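A.B. asks: Those sequence lines, one after another, are chains B and D.
Under the working numbering, the residue at position 86 of the first sequence is numbered 86, and the numbers go up by one with no gaps.
Under the working numbering, the residue at position 212 of the second sequence is numbered 1212, and the numbers go up by one with no gaps.
Calculated from the structure, these hints are not laboratory results.
Please note: incorrect hints may appear among the correct ones.
[What the hints assert, rightly or not] Covered by chain B, per the in silico footprint, the following chain D stretches (three or more residues, Cβ under 8 Å):
| hint | stretch |
| --- | --- |
| 1 | 1186–1197 |
| 2 | 1218–1227 |
[Said to hold, decoys possible] Take a look, some chain D residues computed to stay more than 10 Å from chain B by CB distance:
| hint | residue |
| --- | --- |
| 3 | A1076 |
| 4 | L1215 |
| 5 | G1251 |
What you are looking at is a predicted structure, and each value in this text was computed from that prediction instead of being measured.
Quick reminder that beta carbons are idealized off the backbone N, C-alpha and C, glycines included.
Chain by chain, the residues:
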Amino acid sequence: MERIPILKMGSFLLVTIQVDMHDQLAMTLQEDLTNRISETGARAVLIDISALDIVDSFIGRMLAGIAGMAKILDATTVVVGMQPAVAITLVELGLSLDGIKTALNVDRGMALLRTSLSLSADEDLEEQRSLSSNSSFVS
Amino acid sequence: MAGESSLFSSLLKKDETFLLSQWTDAQARVVGTKISNEELKAQCKEFLGLLVEATQADSSESTHGSAWAPAKKMLADISRSRTLQGFTPTETAIFVFSLKKPLFDLAKKELGGNSQELVNVIWSLTQRLDQLGLYTAEMHQKSREEVIVRQQEDMLELSTPVVKLWDGILALPMIGTLDSSRTQVVMESLLQKIVETESEIAIIDITGVPTVDTLVAQHLIKTVTAARLMGAECIISGIRPQIAATIVHLGVDLGTVATKSTLADAFKLALSRTGKSVGKADAFMHREIRT
Chain B
1 MERIPILKMG
11 SFLLVTIQVD
21 MHDQLAMTLQ
31 EDLTNRISET
41 GARAVLIDIS
51 ALDIVDSFIG
61 RMLAGIAGMA
71 KILDATTVVV
81 GMQPAVAITL
91 VELGLSLDGI
101 KTALNVDRGM
111 ALLRTSLSLS
121 ADEDLEEQRS
131 LSSNSSFVS
Chain D
1001 MAGESSLFSS
1011 LLKKDETFLL
1021 SQWTDAQARV
1031 VGTKISNEEL
1041 KAQCKEFLGL
1051 LVEATQADSS
1061 ESTHGSAWAP
1071 AKKMLADISR
1081 SRTLQGFTPT
1091 ETAIFVFSLK
1101 KPLFDLAKKE
1111 LGGNSQELVN
1121 VIWSLTQRLD
1131 QLGLYTAEMH
1141 QKSREEVIVR
1151 QQEDMLELST
1161 PVVKLWDGIL
1171 ALPMIGTLDS
1181 SRTQVVMESL
1191 LQKIVETESE
1201 IAIIDITGVP
1211 TVDTLVAQHL
1221 IKTVTAARLM
1231 GAECIISGIR
1241 PQIAATIVHL
1251 GVDLGTVATK
1261 STLADAFKLA
1271 LSRTGKSVGK
1281 ADAFMHREIR
1291 T
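Make a model of the complete structure from these sequences and hints.
C.D. replies: Here is the structure:
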C-alpha cells in the first residue's frame, strides 16, 4: 500500500508530501504520524506541502486533525511551503487552520520550531529556578 | 405602403441641397462648435446617400432588414466617435431626429392640401427615423459602457501593486473600493509575490480605501488568513479614525491581526519583528567603534 514516508531529524519529524493526496492516503498518514510521535517522543512535526497543488475540504480537515492530535501528544506542528492557490482554496472553504503554525519554506519552518522549542525550554528552566528559589525561602 | 416608401426615397432625392442645408443647420444649432461644419456636412451627405439606397431596396416600415445594414453601420460609427468626443446623448441622437423637420416640410410642399395622404407619409417617415434615432442612442450608450468597462479593467490592474519595502517585507497599498473580484486579484498577486520574494511580513495599507463595511472587512480577513497559511504575517495599516469607529460599530473582529495607523509605524513593527532596526548613521558608527 502507498505510504508517505516520515523522516526523523533529531527531535523533529519531517513529512514531505510529494504525491496527490487522496483520502485514504491522508488517513494512513494521520495514523502513522501519531504512532511515530508517541514512539519517538518527537517534540515537533514539520509537514512540507510545497508539491501539493490541489486540496479539498477533507485534506484541509485532515491537516487540522493531525495538528490537533500532535498537540495532545505534546508536539508542535508546522506546515510549510503552501502554494498560493491552495491557501486561497482553504480560505474560501472556511478552513483557516487556526491551530497550525505555518512557514514559507522548510528552512524557515525549522528556524521557527527551534526558537519556539528553545523558548519553551527556557521557560521550563525559569520555572524550575523560581520553584527552587521559593523552596529556599521556605526553608 | 409601397407607395409611401417610394415617396420617401423620391422625397430624399428630390431636393437634396435644401434637405442638406436645413438638416445641417438644425444640427449645428444643438451641437454648436463641437464638430466642424465641413465634417458635419460630409457625414450628412453620406448618410443621405445610404438612406436613399436603403429605402429603395427595402420598402417595409421596419429598419431591421439587411438593406439597412450600411446605414446602421454608419450610425454606429458616428455615435462611437461622438461618444469619444464627449457628446451628450441628445447631441448624438439629434443627428437622426433633426432630419424630420426638413423632410416633413418637403412632404408638405409635395402633397399640398391632401392632408390624409400627408398624415400617412409623415407616419411612415416617423416610423423609420425613430427606429434609426433609437438605434443611435443605443449605440451611444453601448460605446459609453465599453469605455467604462475598459477603465475598470485599467483600474484593476493599476490599483493593486505589491511593492517590496525591504528584504522579507512587502507592502500592498490598496486604493479604491474593495469588491470580491478586486480582492481576488489582490490576494493572488500578494500571495504570488510572497512566494517569489520569500517575504515573512506583508503590510496591507488601506489609506486609499474610502469605506470599510462588513464585506470589505471579510475580504481583508480572508487575505490575511491566506497569507498566514502560507507562513507570512500581515499588518494592516492606514486605518483612519472613522474607519476604526465603523469596524467597532459593525462588530467586526479583526482577530490577532496587528493594526497600525500609518505605514511608517507598520514598517517599524515589521522591521523589529524581523530583527532589524533603523537609526541614525552616527549611532551605528559609534556602536561599531565601541565594539
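A.B. asks: Taking the hints in turn, state whether each one holds.
C.D. replies: Consistency of the hints with the structure:
1. 1186–1197: holds (count 6)
2. 1218–1227: holds (count 4)
3. A1076: 41 Å, holds
4. L1215: Its Cβ never comes within 10 Å of chain B, the nearest being 15 Å, so this holds.
5. G1251: 19 Å, holds
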